[in-house]
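Using the sequences and the hints, build the whole thing.
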Amino acid sequence: MIQLNSTIRLFAHRLSGAGAIPEADIEAFQDIIGPPIRFDKHDPLVQQGDRSDVLWLTAIGWALRQRVLPDGRRQISAILLPGELTDKGIIMPFGATDSVVAATELWAHAIDRNSFIALVENRPRLERALFYEELTRHAVTREWLLLLGQRNAKERVAYFFYEIFARLSAMGMLHGNTFTLPLVQSEVADIVGMSTVHFNRTLQHFRSLDLVMTDGQKVTLPRPIALAELAMFDAEIIRIARDFQARAAMVSAKLQ
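Residue numbers (my numbering): 8 to 263.
By construction, these hints were calculated from the structure, which means they are not laboratory data. Given the structure is predicted, the values throughout are model-derived calculations rather than measurements. Treat the hints with caution; some may be incorrect.
Said to hold, decoys possible - In silico DSSO-like pairs for lysine-lysine, Cα to Cα no more than 27 Å straight-line:
1. 161 / 225
2. 48 / 225
3. 48 / 95
Written out as structure tokens, the structure reads:
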């Protein structure tokens, strides 16, 4: 059974980069969240072009943000992990520019868009936290543009694995240096803008260097710092992830 309190605490931790979220804000946010809804892999949460009255808070499982061209080609632009919103609730004068689909079996909570906007407008610290998190997301997006435009194959694959490692570490979701990657190679290849064959060849090279080890869906980074250096990962993002990791331990302790 999904514990709503755990999802809310995870979300609040994700927004804590600009400072702790007041308990009253967390409780008010919890009041507008619907019960968890199950999605099968590939089910859409958000349809490209649609205008929706709800946004979603992921609880268990991963989702992909993607853009599909008329001829069927797609570009995956982001991975959504547990405790993330599909968007920040802003009402745009046009439909969704991207779709969000379940990458795994997924549980997510629906949030009424107007209720969310009203809540944020009356909670300045929550509004600031969302703004800070959005700035962080845009910084990550700029890194991905650099990745697709300038990084070579080895740097792209290194960046992908270390970014997932850093994000999961920041949320307290690692087991040592190991994590579960519930994506198939073709999906990862799409994310880094490579063919599946080229991605697999690069991954084999990393295995030979003891940088990335895989066993089914289990991924281990024996030398994460070396991988980050190969990816030319921003040192400030590494520092922020480590700060979040330290706070994640305290969040986990409160939930036990």
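Hints versus structure:
| no. | hint | result |
| --- | --- | --- |
| 1 | 161 / 225 | holds (20 Å) |
| 2 | 48 / 225 | holds (19 Å) |
| 3 | 48 / 95 | holds (23 Å) |
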